[in-house]
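Student: Sequence:
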Amino acid sequence: MRNFVIIGNKATTTPTFSLEDIPGTSGRLDILCRCVTAAFVLSHGIRKDVCVYLVLLGGEIPKTVRLDGETLRHLNPDERTTAALLKKALAVSATPDWALSTSGIFVRTGGLANVLEDLKGARMLCLREDGADIRSVAGCDISGDVAFILGDHMGIAPKEWTVIEQAGAVVVSIGPVSLHADHCIVLLNWMLDTNFLGDDQGRSLSSN
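Sequential numbering from 94 applies to the sequence shown in the numbering used here.
Treat the hints as calculated values from the structure; they're not laboratory data.
For glycine and all other residues, C-beta sits at the position ideal for the given N, C-alpha and C.
It is possible that some hints are incorrect.
[Claimed, not checked] Each pair of labels, with its calculated beta carbon distance range:
hint	residue 1	residue 2	range
1	R166	D190	13 to 23 Å
2	E153	D190	29 to 39 Å
3	H167	W191	31 to 41 Å
4	S136	H273	17 to 27 Å
5	E163	G261	20 to 30 Å
[To be verified] Simulated crosslink set (BS3-like; lysine-lysine; CA at most 27 Å straight-line):
hint	residue 1	residue 2
6	K180	K103
7	K252	K141
8	K141	K181
9	K141	K180
10	K181	K103
11	K213	K103
12	K252	K213
13	K103	K252
Kindly generate the complete structure, drawing on both the sequences and the hints.
Tutor: Below, the structure written as structure tokens:
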């Protein structure tokens with residue numbers, strides 16, 4: 094399974110934002126919407142082997158929205174439709190346990206530490222421009238579950254970095270140029286689709 098964890102530093106935890114002005118009223122939830130599209134959307138369908146965790150830190154209590162490609166429905170390529178699905182999820186009464194919003198979309202209270210605890214069996218890679226070249230480190234047992242951790246336009250705050258380090262994530266880079274998070278996700282999916290990260294010994298890095 095390919096897991097993408099995206100941190101929304103100011104992303105709203107309430108459904109009160111306007112679909113007419115997503116960037117200006119939601120704490121840049123539009124960035125996370127684009128990440129969802131990049132992670133799932135194919136030319137004629139969506140990826141079933143992908144799970145996306147949106148860590149929303151813009152409220153008094155953090156919330157996380159999970160999108161599971163295996164059961165995800167009603168996802169279209171446009172940003173507004175994705176935002177509408179997230180709006181519905183944030184209207185659900187959230188507790189520390191996952192609550193179903195719409196098909197394949199779940200919400201709960203809790204932040205990054207909770208997500209990484211859920212993913213502790215996966216190989217964790219955190220993207221940062223000054224990280225090690227992903228091709229030099231990623232060949233270590235990514236034949237099963239892998240989790241990529243990305244920040245939004247504000248990057249990753251020190252508090253979250255502490256959580257990431259404690260989880261044992263490896264800091265990697267996919268190139269020297271700073272890219273948008275959704276562009277990174279497109280490239281990561283391509284790398285796994287084409288086994289671009291495979292080494293000379295033929296270790297497979299494609300997801301199950």
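Student: Indicate, hint by hint, whether the structure satisfies it.
Tutor: Now the hints, each set against the structure:
| no. | hint | result |
| --- | --- | --- |
| 1 | R166 x D190: 13 to 23 Å | holds (22 Å) |
| 2 | E153 x D190: 29 to 39 Å | violated (19 Å) |
| 3 | H167 x W191: 31 to 41 Å | violated (18 Å) |
| 4 | S136 x H273: 17 to 27 Å | holds (21 Å) |
| 5 | E163 x G261: 20 to 30 Å | holds (26 Å) |
| 6 | K180 x K103 | holds (15 Å) |
| 7 | K252 x K141 | violated (32 Å) |
| 8 | K141 x K181 | holds (22 Å) |
| 9 | K141 x K180 | holds (23 Å) |
| 10 | K181 x K103 | holds (19 Å) |
| 11 | K213 x K103 | holds (25 Å) |
| 12 | K252 x K213 | holds (19 Å) |
| 13 | K103 x K252 | holds (14 Å) |
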